[in-house]
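Residue strings, one per chain:
4 protein chains.
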Amino acid sequence: MQVAIIGITGYAGMVLYGLLKKHPGIIQINLYQHDLIEPTPLEELAPQYENTNKAVQPYDSAEIIKNNDAVFFATPAGVTSKLAQPFLDADFPVIDLSGDFRLKNGAEYEKWYHKPAADNDELAKSYYGLADLSTNPGKNYIANPGCYATSVLLGLAPLVQSDLIDPDSIVIDAKSGLSGAGKQLSESSHFIQSNENLQIYKPNEHKHIPEIMAQLKQWNPKVDHIQFMTTLVPINRGIMSSIYVKVKPGVTEAMIKEHFENVYHSSKFVKIYNHLPTIKGVVGTNECHIGLSYNPTTHYLLVDSVIDNMIKGAAGQAIQNFNQLFAFDADFGLQLNPVLP
Amino acid sequence: MQVAIIGITGYAGMVLYGLLKKHPGIIQINLYQHDLIEPTPLEELAPQYENTNKAVQPYDSAEIIKNNDAVFFATPAGVTSKLAQPFLDADFPVIDLSGDFRLKNGAEYEKWYHKPAADNDELAKSYYGLADLSTNPGKNYIANPGCYATSVLLGLAPLVQSDLIDPDSIVIDAKSGLSGAGKQLSESSHFIQSNENLQIYKPNEHKHIPEIMAQLKQWNPKVDHIQFMTTLVPINRGIMSSIYVKVKPGVTEAMIKEHFENVYHSSKFVKIYNHLPTIKGVVGTNECHIGLSYNPTTHYLLVDSVIDNMIKGAAGQAIQNFNQLFAFDADFGLQLNPVLP
Amino acid sequence: MQVAIIGITGYAGMVLYGLLKKHPGIIQINLYQHDLIEPTPLEELAPQYENTNKAVQPYDSAEIIKNNDAVFFATPAGVTSKLAQPFLDADFPVIDLSGDFRLKNGAEYEKWYHKPAADNDELAKSYYGLADLSTNPGKNYIANPGCYATSVLLGLAPLVQSDLIDPDSIVIDAKSGLSGAGKQLSESSHFIQSNENLQIYKPNEHKHIPEIMAQLKQWNPKVDHIQFMTTLVPINRGIMSSIYVKVKPGVTEAMIKEHFENVYHSSKFVKIYNHLPTIKGVVGTNECHIGLSYNPTTHYLLVDSVIDNMIKGAAGQAIQNFNQLFAFDADFGLQLNPVLP
Amino acid sequence: MQVAIIGITGYAGMVLYGLLKKHPGIIQINLYQHDLIEPTPLEELAPQYENTNKAVQPYDSAEIIKNNDAVFFATPAGVTSKLAQPFLDADFPVIDLSGDFRLKNGAEYEKWYHKPAADNDELAKSYYGLADLSTNPGKNYIANPGCYATSVLLGLAPLVQSDLIDPDSIVIDAKSGLSGAGKQLSESSHFIQSNENLQIYKPNEHKHIPEIMAQLKQWNPKVDHIQFMTTLVPINRGIMSSIYVKVKPGVTEAMIKEHFENVYHSSKFVKIYNHLPTIKGVVGTNECHIGLSYNPTTHYLLVDSVIDNMIKGAAGQAIQNFNQLFAFDADFGLQLNPVLP
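Chains as they are written, first to last, in the working numbering: chain A, 1 to 341; chain B, 342 to 682; chain C, 683 to 1023; chain D, 1024 to 1364.
Calculated directly from the structure, the hints in this document are not laboratory data.
You may find that some hints are simply not true.
[What the hints assert, rightly or not] Listed next, with one range per pair, are the computed distances between beta-carbon atoms:
no.	chain 1	residue 1	chain 2	residue 2	range
1	D	E1061	A	K268	27 to 35 Å
2	C	D848	D	K1134	22 to 30 Å
3	A	E205	D	K1044	27 to 35 Å
4	A	K268	B	K609	51 to 59 Å
5	B	H606	A	K268	35 to 43 Å
6	B	D401	C	K736	44 to 52 Å
[Claimed, not checked] The list that follows gives simulated cross-link-like pairs (lysine-lysine, DSSO-like), each with its CA atoms no further than 30 Å apart:
no.	chain 1	residue 1	chain 2	residue 2
7	B	K563	B	K395
8	D	K1271	C	K899
9	C	K939	B	K395
We treat Cβ as the ideally placed atom computed from N, Cα and C, and that holds for glycine.
When you get a sec, could you build the whole thing from the sequences and use the hints?
See the structure below:
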């Protein structure tokens, strides 16, 4: 197969390109950049590619469709929706890493993203690809979930689907490394500001809240809201979502553990641990590690869900979705070692 | 005045010594070490003191009482209680940075500390010195609060004292730098393990839980439990306690803000901010910065309370307690600049 | 005394302001900003000053001269020289933290700084204040040395002044934390780029090279060149200069050590160590720690010279120069504890 | 092929195991541990392997030889030499990641390693496998080079082999991340000590000095000594060797560049850059990136040579040597992406 990446210069595009190069089902990767006018050597756009001989083509939907079997959008929110139309019209396979097609309601998108939304009937064509828990019903436009959303939803699914917890009690304290803040220079990602520091950001305004809520509600309509807060921590990669929920009376620790193990029994990527996992165990991989800690005094359960935000939270899950769509093995291109030590 | 420090080689003792050297009310600091047999040059015990000419004396309670006006215990939990008797007997001024006299109940101490407790009547003689919120009733034995406890109690006091929140809803996600884990070598504080990582530790077993609970219950007996979790983050100094509480119906954001400002109006060290404070603003100082973020959808309030664990969470608050006991100005020895940039 | 700071919003200005507030000889600090039009609350210019009530005035040389006894320029290179004229004309005391008056030759300044230089006769009025090694001959315009220059010159002085080394053999590998790169956002100080990385920068083009050379040549005309290279390391503060020099035949390790001890015998800030000092011992202080390691096989000597780039390398040395000018004790305002742990 | 790893619990063994699992020529990896008495689940020895079902066998040379086609020693220096005899006797393929067989002279080994050496005739059987520059003459016992040695030798080879530099002028300032210091707890790798710090260590006593010297002398007998110093920097992985050499009169920058490009023209792993490479470009890969900066004033050349100490400096080069020995493609198992962002 031949695949296209649009948006190679951002972090997600870069990681995606690295992974796809090893995918046994792909023989060629064609690179495009939405803001180019003419073909340009990759190393001019991103100096880390010095010594590679690869050109990047300008965006041209007809060309892309003609020369590829699928396209990955690694373009920013607000940009993707402007480029997606021809692919939707042609029912061409798209894996979209941006947030533009994750919400089904344009008005809600505009409320959280502060950008113009795609039309609601376009949004309706997309499939939210939480790859470890859902199966593509045959849709060709896949909205790849957000990084926080992935770690939170994988951590909450067994509890919410089975109605084991008080749906009003969900408190999520999520921590992310700086790669989540992207390549764009900003004060909060200036080394001096972020190093030796912790920074809570976008309180109650994070774009992943509606995406998480939509999925939770679909699993269990009793879930009406979540308290979700994000903190920047001075590491490069990784997300830890510390999820606090009040367990319903009568639900035991053993029942909870069993539920998690059942839900993820056959998963190649989600693993339930007997200890509380740390970020180091997942960075570099497409895995989600989950640990549980029940407090019999408070009846709160802590779910500790960790992922690599760039892989499971972006490029890796995109490949999972690609594999599902084209019936490749789930872990094609995703047999990865953690970055240890 | 002359003061003694017992336990100069640990992190808290080191910071305390540095601060006391600048205290305008102190003319001499005498150093003692509980496990010494004979006087020893300080630089032999701690190489960072090379080029200072200072000796450390072996522990001798009679000598200490004779030559000093007050003593600071910077000894580990389990050690202090074995050394404290003569000072309690003599009603000699003690500021105790360890956890040995914070709990009033020996059995509870042993449950959480896994070490033998002091006698209950000894414990009864001590005063829990949460210096920004309480006034020493004239007791000479001051138990200096724990670092997490300080940041949590200062963040919760206005809410709990005034009954503004659902007392069953308190969830605390506290993050600490590695200095909180002490000087002792351990796997979790090995650079390779802690750097580029987040580690949840001692889930539901942290020693500061009973200390926090005892104070909260005293303020408001309706508080029956807290969900308290601690995560090690790869920074040297600082604690951020992210405190989540459900606000009672009818309580508005403005009322909450006002309460915080009233409670800390005259405080030299606790400051209420309009934004969510970060750790960098307090490291190096004895300040506690508090920010608030109310979520009208979930009715949860986030209290973001940050301190320098070594100063406000240990040596600085010890000096505050010392100042109170001897009627010095609250900020003697504590006019400090944050470590910026 | 009353003193002025021009340029409070940069890192050096911020640190300087913090230190001057504790200086026992100063009763008021007036803040000015060269690019302001009207008085502005400090916290609007720099959010870390929230909760302080301090205004910043626009730059007005006549006002500054009228209301102050001395002025500190913490303005960038290229800016200072444009503002300095009235102060030079009035022979008003200036401590200039920028690089604009460190070189005596305008053409050389322009070659290294790529900015217009001050006139040569203005440059001639300034005094290069390497405070631990020279005494102000009575000049009111003090050019405060650069951070790298300070660590290198203090490390080389005893060797170069006494002609103990091969003057052609000087190789300096200097490492600096990111605060040295300033507050300005840039790719190399983006957290993701600088964290978990080492970056050599400005090879053979660093502005401090001519400043170091001028001083070395003055001490010993045989020194014709130095090989000086700088590497950014992922820490906030601190410089380590690893200085390699070939020792002349017949010069012994003991002779070298003795020379260093003699030169810095009475210094309050420069200390010679028996081990190789690390950065942690000096961050937060105005000290320079020096260690020596002689290799009898290669006849190379390593001089390990470490400073806090923001204090000894900027604001602290500026205060030393201020103290010299006004005959205060050398360590007024500079009795500081290292940031340990 | 089936291969054995002895010493899976150290950092090098862990990385090696991860890489070998993807090697297309290997169908099974058998794990052994020299200090085990009975078969033990891997996750008991190293908790990061929870959820894998892999057993580790006790060391038994006969069993290892019977069941494997080659063995990798990832055991510490001083241990390997005690275990190697049966493999040498059987002329069984060994790739030895320890330092025990890198030096040909037992007395020199003992001087630098402070441990008993293997016999000189055993040492003579081994081949020093600097894989990018030498070809195995058919020896079955391969001593894999040290991490620093690899980065230094690859950086110096084109200069030393072609006699382009003053052989007396070699000064190497090498910086390493903490993984180089190993898994063993120690004060210098305690987070609080190493974070926000730089630490020069083992001045003039580093074990890699004789290994580098032996190779350099073999290339060019005029090289009599090197000045080599190592500094610990607060990153997990990576080595940057800043190599300073005085270029001979008449040698131009262009000649140097050309030499480097010729020497590494056909190398899959050593790449010459137009800029000065940083560590981030190589971490996660088996590559060595080299940049050059010539100073026409001082006639010094800086060679900036960066590698991932765990891969090119250990496990990756071991696999290169394995590939050479068994005539696999050079990059089998070594097509790796850098850890970016």
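Enumerated hints in conflict with the structure, sorted upward: 3, 5, 7
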